[in-house]
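Asker: With the hints as constraints, model all of the structure from the sequences given.
There are 2 protein chains.
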Amino acid sequence: MTRIKFTQSLDELKEKLLAMAGMVEQAIQRTIEAYTSRDLALCHLVIGSEQDINRMEREIDQLAIDLLAMEQPMARDLRFIIAVIRINADLERVGDQAVSVARRVRDLGMFASLDLPVDVPRLGMLAAAMVRKALQAFIEENAELAQSVLAMDDEVDELNWGAYRAIGNLIRANVDVTDQALNVLIIARSLERVGDHATNIAEDVIFWVRGTDVRHEAK
Amino acid sequence: MTRIKFTQSLDELKEKLLAMAGMVEQAIQRTIEAYTSRDLALCHLVIGSEQDINRMEREIDQLAIDLLAMEQPMARDLRFIIAVIRINADLERVGDQAVSVARRVRDLGMFASLDLPVDVPRLGMLAAAMVRKALQAFIEENAELAQSVLAMDDEVDELNWGAYRAIGNLIRANVDVTDQALNVLIIARSLERVGDHATNIAEDVIFWVRGTDVRHEAK
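If you're matching them up, the sequences are chains A and B in order. For any residue, its number in the working numbering is found by taking its place in the first sequence, counting from 1, and adding 35. For any residue, its number in the working numbering is found by taking its place in the second sequence, counting from 1, and adding 35.
Incorrect hints may have been included.
The list makes no distinction among identical chains, and a pair is therefore deemed to hold if it is satisfied within one copy or across any two copies.
No farther apart than 25 Å at their CA atoms in a straight line, the calculated lysine to any residue pairs in the SDA-like style are these [as the list claims (entries may be wrong)]: (1) K51 to G203; (2) K49 to E85; (3) K40 to N89; (4) K49 to R207; (5) K51 to E85; (6) K168 to R121; (7) K40 to P108; (8) K49 to E179; (9) K49 to E68.
Simulated from the structure, these hints should not be mistaken for laboratory data. Being a predicted model, the structure only gives us computed values, none of them experimental.
Answerer: Printed below as a string of structure tokens:
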């Protein structure tokens, strides 16, 4: 493979990863919308997208591994391909969380609507913003932007803890809403996991761009 | 690097990953013990082990990436190194879950002991057994053994769902135990995630040994 051809293959890999990211971001976005509007059709759309996301994950991994096998890339190119393999895995798990939340929202549909003291949409939008920003950093090869994602995770964790406490209080005040409340607790926890995956992605971007491993430093 | 030297490096990588697995398995084991005996010292041991596990993760990744860069391995060796990078990430996340459970067990220590209708130790031991079996499959290069791990995940999921329902019933029967019950709910969910990571590891072993990507097939 010529250098030009190799560069084209790396671009293709990047394009595919961005397409994967787009699918996953849409799943999260739809999940939040489904929660807000109790829209069952949206839940099913998200649950149905799991297979497409999984297929894309395998396609990306295959391309990445083929490039490693055929091109023996060095230094920055090698780090790029490793970063893609890792980011790909995290994106797939964000998709899993979106599906898991969509299932919970579907279950919530069985209950009377309830004014909950937990701002799930805010938590969801914050987690989605982290994913988007981490991917933006990947596109721009911008380690500073990636760094700023790491700071956002504290806010997500705090919102999640607030949700946990609020749900305990809610149940104590009205035990009849236990089912809905537990459902929302699990939803909040899933969205917090999305934030964790975004953090992983941001760290992979920094690793690729700077050539240093920053994992666990910010923790 | 000669072929002999390269083989030695691959062995070293495998040894390090097994040491990492040992640390992580010990953390899970101690967490279950801490839950059973409400042993705060054990909780702190687990929480303190996070840094060692993180350090080991970086060491393994560095070695794997150096080998990719210097040796341009092909076919089975390449798949092996990619599998190590992935398994390493999953092991680190199992360690994270152990720490997260240990924190919850520590919090549980603040409450009166309670006879809960959730068999947390059984769930924990099953999840730990999945991790151990997946690693055993890795050591033996045994794709059939890895395959058997995938089936165990259904049992873990079922136990976790049972825990979820039991906790709802428990709270409805006695709202005063809400705090303890929510804590146990989160613990059960973390242990279920350990099972998910073990599943990922088993799939990586199959990918390495058979050269096929079985992810999502069993789902």
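Asker: Any hints from earlier that this structure breaks? Give me their numbers in increasing order, please.
Answerer: 1, 3, 4 and 9
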